[in-house]
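Q: Here is how the chains run, residue by residue.
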Amino acid sequence: MGKLLSHRLAVPLVIALLVVALSFAMPSNFYYRVAALVWISALAVIGLNLLMGYAGQVSLGHAGFFGIGAYAVAVLPPQFGLHPLLAVLAGAVATAAIAFLVGRPILRLKGHYLAVATLGFGILIAMTISNEAWLTGGPDGMPVERLTLFGWRVRGADTWYWISGGLLVIGAWIACNLVASPTGRALRALHDSEVAARVAGIDVARAKLTVFVISAVYASVAGSTLALVNGFVTPDKANFLHSIELVTMVVLGGMGSILGSVAGAAILVVLPQALTGFHDYEHMILGLIMMVIMIVLRAGIVPSIAAFFQGRRNK
Amino acid sequence: MPELLQFCVSGLTVGAVYALVALGFTIIYNASDVVNFAQGEFVMIGGMTTVFATAAGVPLPLAVIGAILVAMVVGLLLHRLAIEPARGASPVTLIIITIGASIFLRGLAQVVFDKQFHSLPAFSGDTPIRFGGAAILPQSFWVLGGAAVIVVLLWAFFNRTLIGKAVLATAANRLAARLVGINTSFVMGLSFVMSAAIGAIAGILVTPITLTSYDVGMLLALKGFAAAMLGGMGNPLGAVVGGLAVGLLEALGAGYISSTYKDAIAFIVILVVLFAMPGGLFGKASVERV
Numbered sequence: 035m036g037k038l039l040s041h042r043l044a045v046p047l048v049i050a051l052l053v054v055a056l057s058f059a060m061p062s063n064f065y066y067r068v069a070a071l072v073w074i075s076a077l078a079v080i081g082l083n084l085l086m087g088y089a090g091q092v093s094l095g096h097a098g099f100f101g102i103g104a105y106a107v108a109v110l111p112p113q114f115g116l117h118p119l120l121a122v123l124a125g126a127v128a129t130a131a132i133a134f135l136v137g138r139p140i141l142r143l144k145g146h147y148l149a150v151a152t153l154g155f156g157i158l159i160a161m162t163i164s165n166e167a168w169l170t171g172g173p174d175g176m177p178v179e180r181l182t183l184f185g186w187r188v189r190g191a192d193t194w195y196w197i198s199g200g201l202l203v204i205g206a207w208i209a210c211n212l213v214a215s216p217t218g219r220a221l222r223a224l225h226d227s228e229v230a231a232r233v234a235g236i237d238v239a240r241a242k243l244t245v246f247v248i249s250a251v252y253a254s255v256a257g258s259t260l261a262l263v264n265g266f267v268t269p270d271k272a273n274f275l276h277s278i279e280l281v282t283m284v285v286l287g288g289m290g291s292i293l294g295s296v297a298g299a300a301i302l303v304v305l306p307q308a309l310t311g312f313h314d315y316e317h318m319i320l321g322l323i324m325m326v327i328m329i330v331l332r333a334g335i336v337p338s339i340a341a342f343f344q345g346r347r348n349k
Numbered sequence: 011m012p013e014l015l016q017f018c019v020s021g022l023t024v025g026a027v028y029a030l031v032a033l034g035f036t037i038i039y040n041a042s043d044v045v046n047f048a049q050g051e052f053v054m055i056g057g058m059t060t061v062f063a064t065a066a067g068v069p070l071p072l073a074v075i076g077a078i079l080v081a082m083v084v085g086l087l088l089h090r091l092a093i094e095p096a097r098g099a100s101p102v103t104l105i106i107i108t109i110g111a112s113i114f115l116r117g118l119a120q121v122v123f124d125k126q127f128h129s130l131p132a133f134s135g136d137t138p139i140r141f142g143g144a145a146i147l148p149q150s151f152w153v154l155g156g157a158a159v160i161v162v163l164l165w166a167f168f169n170r171t172l173i174g175k176a177v178l179a180t181a182a183n184r185l186a187a188r189l190v191g192i193n194t195s196f197v198m199g200l201s202f203v204m205s206a207a208i209g210a211i212a213g214i215l216v217t218p219i220t221l222t223s224y225d226v227g228m229l230l231a232l233k234g235f236a237a238a239m240l241g242g243m244g245n246p247l248g249a250v251v252g253g254l255a256v257g258l259l260e261a262l263g264a265g266y267i268s269s270t271y272k273d274a275i276a277f278i279v280i281l282v283v284l285f286a287m288p289g290g291l292f293g294k295a296s297v298e299r300v
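Protein chains in written order, with the working numbering: chain A, 35 to 349; chain B, 11 to 300.
Among the hints, a few may not be true.
Just so you have them, the derived chain B footprint on chain A, three or more residues with Cβ under 8 Å [claimed, not checked]:
no.	stretch
1	273-279
2	321-329
A partial selection of chain A residues facing chain B, derived with a Cβ cut-off under 7 Å [as the list claims (entries may be wrong)]:
no.	residue
3	V150
4	A151
5	V247
Just so you know, the hints here were simulated from the structure itself, not pulled from any lab data.
Keep in mind the model is a prediction, meaning the values are calculated, not measured.
Don't be surprised by glycine CBs; every beta carbon is placed ideally from N, CA and C.
Only chain A is shown next, with the shape it has when bound in the complex (with noise of 0.2 Å):
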């Protein structure tokens, strides 16, 4: 089985199979929402993985490029005309020139330097959307216009749903092509050392920046998504407590692994929906339940399981 989910075809399909699988098991239209919000999650949550599971540099402002991908959906359509798929499009190239621009310097910080520089930066993006109101409605948000695919207005719980898995298994596959590539290898080999990872050749900066500016398209597109799927965009989703939430996903369900990413994802946004009948006593339970996971799973959710079930076969 270890073999198996190594081949580079086998986790994106694994997650096809539980997207087609779910699909059977969804009692109402609230269901598909909640799934559709966890296949978004999942996407952002992977492309983070790959920066910090694979590369081991952490980024507490991924959500900023979250919300740049979302307020592309929401401001370009109305003031400019452009189609929202080319919004997308347009988000996600703004995304990788700011990352780039940005990650060159920032990615030359180590441990915790980059982790204040990375939260810096996101609360940077987040202010800038929340205090520009002219263009992004300022802290109460704007009205998003519905996607419409040749004369087809794409509306509805389970189209989205079906939408957003299809996105996440895309997404999926091109984490583990990337994972397995020239690239993957060289971003692992500078997880390890960097010191040794350049000796062996490997452009360090170039790697780092590559990766970094691919997980950022990851969340800009999952910001998108998740904006037409919502018909409406507030800056929360640009700000410190969900970048904060993403890293928590990839740890939570494991660094360096994409079905963790997507366990992660559904654990982080079930949770909360679970608990909206203890409302008073909420907060203190996710935290609580972030705490007991982490203490006891120390390397996430699927990497432990794997590790048990590896280790209850070898004896």
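Once you have looked at the hints, place chain B on chain A.
A: Just chain B now, kept in the frame of chain A:
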């Protein structure tokens, strides 16, 4: 000119609070390599406990002591129940644990206290003191004075007491400290208790000026973390200078440039400083050993 002085005083007052939060970060980081994102919650616990104790009729001095003790217990529990069991986990995992703790404490405060904003009466009246055309609140002197006393006490603790030196030794090299007979687990617990106390004092001193509520912790933790990094992570002097600098920059930026981008100014400066000096203002350039 009086305007500038006014901005400087309010900036230094808030900066002193950031400095204390940053010091808390530094103490825990040095003893255990943990970046404690629940540091801001200690500030909240200090302020909120004092508010609710005084409202229940407890005299202010007793309420203050009680609040500091509550924070110290929370700090100890955080170390014993969440950090110690996760010993050996990666830095990011530990950060997530402290963020989980911060969310938990915020949720707990929301249940135990409430979701309103609260204030305390100023310790020695509200009559502003006129100084060079600027009006300075007496409470500002309490904050600045309190911060100065804490810094001096900490300095004495680290340089003049055996336990303080044990903490320094643990910070320098944990294994070597254990080899010479230092109980490093005790030292780590102590660092959490001390940081909690410092945070709580900061929260109590500043509540008459800035108000407090169950959710003030996160932003304070961010600013304190940024201040600690600006000064150079792990450097107590850097933490104090970094904290005061962030407070000053914010006040000057809000006054002269744009109050809506107040928080952004501090972060822009931090980004610029880090690009020029990747180890912070007082940090040593780190060399990776192979």
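Q: Indicate, hint by hint, whether the structure satisfies it.
A: Okay, the hints, checked on the actual structure:
As drawn, the stretch 273-279 of chain A meets chain B at 3 residues by the rule of a beta-carbon pair under 8 Å; at three or more, the given contact holds. With 7 residues bearing a CB less than 8 Å from a CB of chain B, the stretch 321-329 of chain A meets the requirement of three and the coverage assertion stands. Nearest Cβ of chain B to the Cβ of V150 of chain A: about 4 Å, under the 7 Å cut. The hint holds. Because the smallest distance between the Cβ of A151 of chain A and any Cβ of chain B comes to about 5 Å, under 7 Å, the interface hint for this residue holds.
At about 19 Å, the closest approach between the beta carbon of V247 of chain A and any beta carbon in chain B exceeds 7 Å, and the interface hint on this residue is violated.
Hint check: a violation occurs at hint 5 only; the rest are consistent with the structure.
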